[in-house]
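Dock chain B against chain A, hints included.
Protein chains: 2
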Amino acid sequence: MKFKKHVFICTNQKDAPKKSCGTERGLELVETFKQELTKHGLQKDIRAQRAGCLDACAFGPSLVVYPEGTYYGNVQPSDVAEIVESHLINDQPVERLKLNF
Amino acid sequence: MKFKKHVFICTNQKDAPKKSCGTERGLELVETFKQELTKHGLQKDIRAQRAGCLDACAFGPSLVVYPEGTYYGNVQPSDVAEIVESHLINDQPVERLKLNF
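First to last, the sequence lines map onto chains A and B.
Per our numbering, the very first residue in the first sequence carries number 105; after that it's consecutive.
Per our numbering, the very first residue in the second sequence carries number 105; after that it's consecutive.
Do not rely on the hints blindly, as some may be mistaken.
Treat identical chains as interchangeable: a pair holds within one or across any two.
Said to hold, decoys possible - No farther apart than 16 Å at their CA atoms in a straight line, the calculated lysine to aspartate or glutamate pairs in the EDC-like style are these: (1) K118 / D149; (2) K123 / E189; (3) K106 / E172; (4) K108 / E172.
Hint data in this document are derived by calculation from the structure and do not stem from the laboratory.
For reference, chain A alone in the conformation it holds in the complex (with noise of 0.2 Å):
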């Protein structure tokens, strides 16, 4: 495995006036994972990066962190800290945030 995780943030952006994650800021949060993974020294080992749609619009901002396929909803730039630390580091998912999928 290339990266001990990997996260995919949907980027994706619809014609308006529809809804969806990359009008919902998704690439803030590309840039805010990246940069909270560099302040770990975790840049190599985890990766976070842009993707098209994840199919869950409904909860957007959304993103999938693999290999363990978890994905998250309603994220906000304030919230990667959090799961940067407990799951991405630590292997605990941050429950308040994750889709039942």
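Chain B alone, transformed into the frame defined by chain A:
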């Protein structure tokens, strides 16, 4: 796990003259995967979708299959049916295209 398998295909486009997966037919790969999955009636169980840079630019067009985290490189549309049947349906990775990460 929302999907039995989740395939992320790099469609990143760098500025010319740099080579990148997107300009090397990443989007064509996404469409070919979707068609192949639909042909097998698997479009709800297995998802193939666009992603940003997977950090395997030198081997593009590249993609990764989760939850196992198998990377493939130099994938052409003519390889997609084999990846779907061998790996996604029968759990036998296509060794000749696998990247040893």
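Hints, verified against the model:
1. Within a single copy, K118 and D149 get their C-alpha atoms no closer than 32 Å, and across copies no closer than 24 Å, so neither meets the 16 Å cut-off.
2. For the homomeric pair K123 and E189, neither the shortest alpha-carbon distance inside one copy (29 Å) nor that between copies (35 Å) is at most 16 Å.
3. When the C-alpha separation of K106 and E172 is checked against a cutoff of 16 Å, the pair qualifies both within a copy, at 15 Å, and between copies, at 10 Å.
4. Taking CA atoms no more than 16 Å apart as the test, K108 paired with E172 passes in both settings, with 11 Å inside one copy and 11 Å between copies.
In terms of the numbered hints stated before, the structure departs from hints 1 and 2, listed from lowest to highest.
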